[in-house]
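Engineer: If you want the building blocks of each chain, they are given just below.
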Amino acid sequence: MMKPSTLPFIALVSVTLIQPALAQQTDERARDSFGLGLGYSLPTGEWTQHRYASGVNHFSPAFAMNADLEFNIGQRWGLALVGGYNKLGTNDWVSYTKRQNDPVEASASVLYGGATLRPTIMKLSNHALRLEFGACMVFASGTETYGGMSYDYDFLRTWRFGLILGLEYSCMVSDAIALTLQGRSIFAIKGIEYADGLSPSMIIVPITGGLRMYY
Amino acid sequence: MPWQRLATRNTPVVRWVVMFAVLLPYTTSVSFSDDIVKVFVQNRTNHFIHAFVDNQPYLYIRPGGSVAAEARNGIVSMRAFYSPGQGVAGSTEQSVELEDRVLSTCNGSNCSTTEVEASYYWTVTDDSLRNQP
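Chains F and X, in that order, are what the protein sequence lines are. Reminder that position 186 of the first sequence reads as 185 in numbering that gives the first Met the number 0, one-by-one numbering, no gaps. Reminder that position 103 of the second sequence reads as 102 in numbering that gives the first Met the number 0, one-by-one numbering, no gaps.
Since the hints were made in silico from the structure, they are not lab data. No experiment lies behind these values; they were computed from the predicted model shown. Every residue, glycine too, gets a C-beta built ideally from N, C-alpha and C. The reader is advised that the hints may include incorrect statements.
Unchecked claim - A few chain X positions that, by computed beta-carbon distances, are all more than 10 Å from chain F:
hint, residue
1, Lys37
2, Asn72
3, Gln85
4, Val95
5, Tyr120
Unchecked claim - If the Cβ cut is set under 10 Å, some of the chain X residues that face chain F in the computed set are:
hint, residue
6, Asn42
7, His49
8, Leu58
9, Arg61
10, Val87
11, Thr91
12, Cys105
13, Tyr119
14, Trp121
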């Protein structure tokens with residue numbers, strides 16, 4: 000069974016192989032654009048592990064989406080307002096507690112919004128590869144229900160300053176539309192903060208495929 | 000240079016974007032309060048606990064760990080139980096009345112007042128949790 004998250008990649012490869020002549024060699028970098036992507040979010044690092052359930056992920060990969068508004072500020076440079084939503088999977092933790100006969104229900108997510116600079120580092124015909132770096136604010140939140148009591152994850156509920164580093168491949172399929180494949184790393188120092196002092200950094204890597212529309 | 004292009008492209012949208020980017024690192028939250036009391040929750044059990052002070056959660060407090068919780072002046076409710084998934088169950092709760100006090104100190108005719116912030120140390124033990132399953 001094919002995962003839904005693989006569909007954007009297949010679509011991207013298909014268009015790249017079958018329709019290379021579809022796009023005219025337009026100077027798309029000279030225009031502003033709006034980008035939209037869907038995919039998978041990969042939380043990585045110590046913060047994803049549960050504090051005492053050995054080998055159990057408290058947070059695991061799940062759905063991701065992002066959007067941006069990019070302003071052309073040079074032939075090879077763009078300045079973008081970016082934002083995204085990353086669901087944090089809690090299935091591993093919930094399954095563990097069920098096996099312990101101590102069940103919980105849990106959900107969590109991460110939002111971010113910021114600004115990035117995007118230099119084009121490679122451009123061949125209608126294909127382009129762009130770097131992305133910038134700053135953002137990261138807000139994580141979550142809730143858990145245990146023994147009939149619901150409570151917020153206090154260690155996730157604060158805005159944090161974060162950094163963004165990413166790479167975007169785009170392929171123009173018409174004068175105004177490009178297909179994109181984007182990998183982005185969002186890094187927040189002390190991204191989560193437990194009440195007793197432990198505060199690991201948070202790293203999330205959303206991988207998304209989508210569209211970029213030029214206007 | 001892109002910076003020069005950015006400066007010359009003086010549209011309102013670009014100006015807003017630049018302003019947002021410059022101010023982003025300085026965004027922060029500020030809160031003011033003068034009727035706050037401190038509750039120090041100390042976990043003296045052998046397991047992780049969840050504690051709630053005035054319904055504010057302080058989760059996954061490690062064995063031997065402590066947290067400094069804040070509550071409003073008055074009657075402060077506190078509750079703690081073993082964090083889930085550890086194979087143990089039990090909870091405890093209590094309420095205490097906490098008020099900041101104003102102390103007056105006089106030296107001759109010169110008097111000064113000092114506000115003393117109320118605080119409370121709540122020690123959670125295995126015994127206290129197991130007494131109330």
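Engineer: All hints are to be evaluated individually against the structure, with a verdict given for each.
Structural biologist: We went through each hint and held it up to the structure:
1. Lys37: Fine: 13 Å to the nearest Cβ keeps Lys37/X off the interface.
2. Asn72: It holds; Asn72/X is separated from chain F by about 21 Å at its closest Cβ, greater than 10 Å.
3. Gln85: Nearest chain F Cβ is 7 Å from Gln85/X, so the label is violated.
4. Val95: holds (19 Å)
5. Tyr120: holds (15 Å)
6. Asn42: Holds, because the Cβ-Cβ distance from Asn42/X to chain F comes to roughly 8 Å (cut-off 10 Å).
7. His49: Holds - the Cβ of His49/X comes within 10 Å of chain F, reaching about 7 Å at its closest.
8. Leu58: holds (5 Å)
9. Arg61: holds (5 Å)
10. Val87: Cβ of Val87/X sits 9 Å from chain F, so the hint holds.
11. Thr91: Since the shortest Cβ distance to chain F is 14 Å, the answer is violated.
12. Cys105: violated (41 Å)
13. Tyr119: violated (16 Å)
14. Trp121: violated (13 Å)
Checked against the numbered hints given earlier, the structure breaks hints 3, 11, 12, 13 and 14 and satisfies all the rest.
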